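> Each chain, written out:
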Amino acid sequence: GAVVSQHPSWVICKSGTSVKIECRSLDFQATTMFWYRQFPKQSLMLMATSNEGSKATYEQGVEKDKFLINHASLTLSTLTVTSAHPEDSSFYICSARDPSGRPETQYFGPGTRLLVL
Amino acid sequence: GNSVTQMEGPVTLSEEAFLTINCTYTATGYPSLFWYVQYPGEGLQLLLKATKADDKGSNKGFEATYRKETTSFHLEKGSVQVSDSAVYFCALRGNSGYSTLTFGKGTMLLVSP
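Going down the list, the protein sequences come from chains A and B.
With this note's numbering, letter number 52 in the first sequence gets 52, and the count goes up by one each step, no holes.
Numbers given in this note's numbering equal positions in the second sequence, counted from 1, plus 1000.
Note that these hints are calculated values from the structure, not bench results.
Careful, some of the hints might be misleading.
Straight-line alpha carbon distances no greater than 30 Å define the calculated DSSO-like cross-link-like pairs of lysine-lysine that follow [as the list claims (entries may be wrong)]:
| id | chain 1 | residue 1 | chain 2 | residue 2 |
| --- | --- | --- | --- | --- |
| 1 | B | K1049 | A | K41 |
| 2 | B | K1077 | A | K41 |
| 3 | B | K1060 | A | K41 |
| 4 | B | K1105 | A | K64 |
| 5 | B | K1105 | B | K1056 |
| 6 | A | K20 | B | K1052 |
| 7 | B | K1060 | B | K1105 |
| 8 | A | K55 | A | K14 |
| 9 | A | K14 | B | K1105 |
| 10 | A | K41 | B | K1068 |
| 11 | A | K66 | B | K1056 |
| 12 | B | K1105 | A | K41 |
| 13 | B | K1052 | A | K55 |
| 14 | A | K41 | B | K1052 |
| 15 | B | K1049 | B | K1060 |
| 16 | B | K1068 | B | K1049 |
| 17 | A | K20 | B | K1056 |
Since the model is a prediction, treat every value here as computed from it, not as a measurement.
Take these sequences, add in the hints, and give me the full structure.
Laid out in structure tokens, this is it:
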């Protein structure tokens, strides 16, 4: 099946630094990508929907200036956590929708674990 | 709004035991229902789905039936294997165009030989 990759798989950074996470669709072009955040023993919470060539749509309560999303090509979306703080430590998961499939054809990356010290 | 509630884990079973992971939902209209599985170190994969009431989704020996009267979509398997050890997520998607997925918290299944 289709594959979505994320890089890095885990990252440790100091408080105040910025971290960029990449999400790639490897064998299809994704016009829409999604970014989720997951805390331990919690649901995946949708942070934002990213459409290629346009601004991301953020969910209520997600700071767009804190979590910068860029979807510059049909196979790449990036999430940058700016001025990271310990409370940003979490598991970030991206997902890409294959427009050639039915709407429910949504593929997920393996996730990126972020630890902010 | 939409929400999904699934049983907390971990669920610990011996190989060949019967599995049930409960999932109930709250949604307006007629959502589509999904079970995703996440194996260690991998992304979520669609396991099965059902798009209307009384539909039964099935895959790899797993089954779930869309029960609108009880707003449930319980996951079952008659005989689990060690390789089924993973985290299972119940999810729904509203029926309006490109609605987004709403997930439950996930249930970890551990199967011992």
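> Work down the list of hints and note, for each, if the structure agrees.
Comparing the hints with the structure gives:
1. At roughly 23 Å between alpha-carbon atoms, K1049 (chain B) and K41 (chain A) fall within 30 Å of each other, so this suggested pair holds.
2. The suggested pairing of K1077 (chain B) with K41 (chain A) holds, with an alpha-carbon distance near 23 Å, which does not exceed 30 Å.
3. Proximity of K1060 (chain B) to K41 (chain A) is assessed by CA-CA distance (about 26 Å); at most 30 Å being required, the pair is judged to hold.
4. Straight-line distance between C-alpha atoms of K1105 (chain B) and K64 (chain A) comes to about 25 Å, which keeps the hinted pair within the 30 Å bound.
5. Restraint check for K1105 (chain B) and K1056 (chain B): satisfied, since their Cα atoms lie roughly 22 Å apart, inside the 30 Å limit.
6. In summary, the hint linking K20 (chain A) to K1052 (chain B) is not supported, as the alpha carbons are separated by about 40 Å, beyond the 30 Å threshold.
7. With a C-alpha separation of about 22 Å, the suggested pair K1060 (chain B) and K1105 (chain B) falls inside the 30 Å cut-off, and the hint holds.
8. For the hint pairing K55 (chain A) with K14 (chain A), the CA-to-CA distance comes to about 28 Å; that is within 30 Å, so the pair holds.
9. Distance hint between K14 (chain A) and K1105 (chain B) is fulfilled; the C-alpha atoms sit about 29 Å from each other, no more than 30 Å.
10. Of the pairs offered as hints, the one joining K41 (chain A) and K1068 (chain B) holds, with about 27 Å between alpha carbons and a cut-off of 30 Å not exceeded.
11. With a CA separation close to 42 Å, the supplied pair K66 (chain A) and K1056 (chain B) exceeds the 30 Å bound.
12. A hinted pair counts as satisfied when its Cα atoms are at most 30 Å apart, and K1105 (chain B) with K41 (chain A) qualifies at roughly 6 Å.
13. For the suggested pair K1052 (chain B) and K55 (chain A), the alpha carbons sit about 34 Å apart, so the restraint of at most 30 Å is broken.
14. The suggested pairing of K41 (chain A) with K1052 (chain B) holds, with an alpha-carbon distance near 29 Å, which does not exceed 30 Å.
15. A C-alpha spacing of about 13 Å is found between K1049 (chain B) and K1060 (chain B), which places the hinted pair at or below 30 Å, so the restraint holds.
16. Taken as a hint, the K1068 (chain B) and K1049 (chain B) pair is honoured in the structure, with Cα atoms around 14 Å apart against an allowance of 30 Å.
17. Straight-line distance between C-alpha atoms of K20 (chain A) and K1056 (chain B) comes to about 41 Å, which puts the hinted pair past the 30 Å bound.
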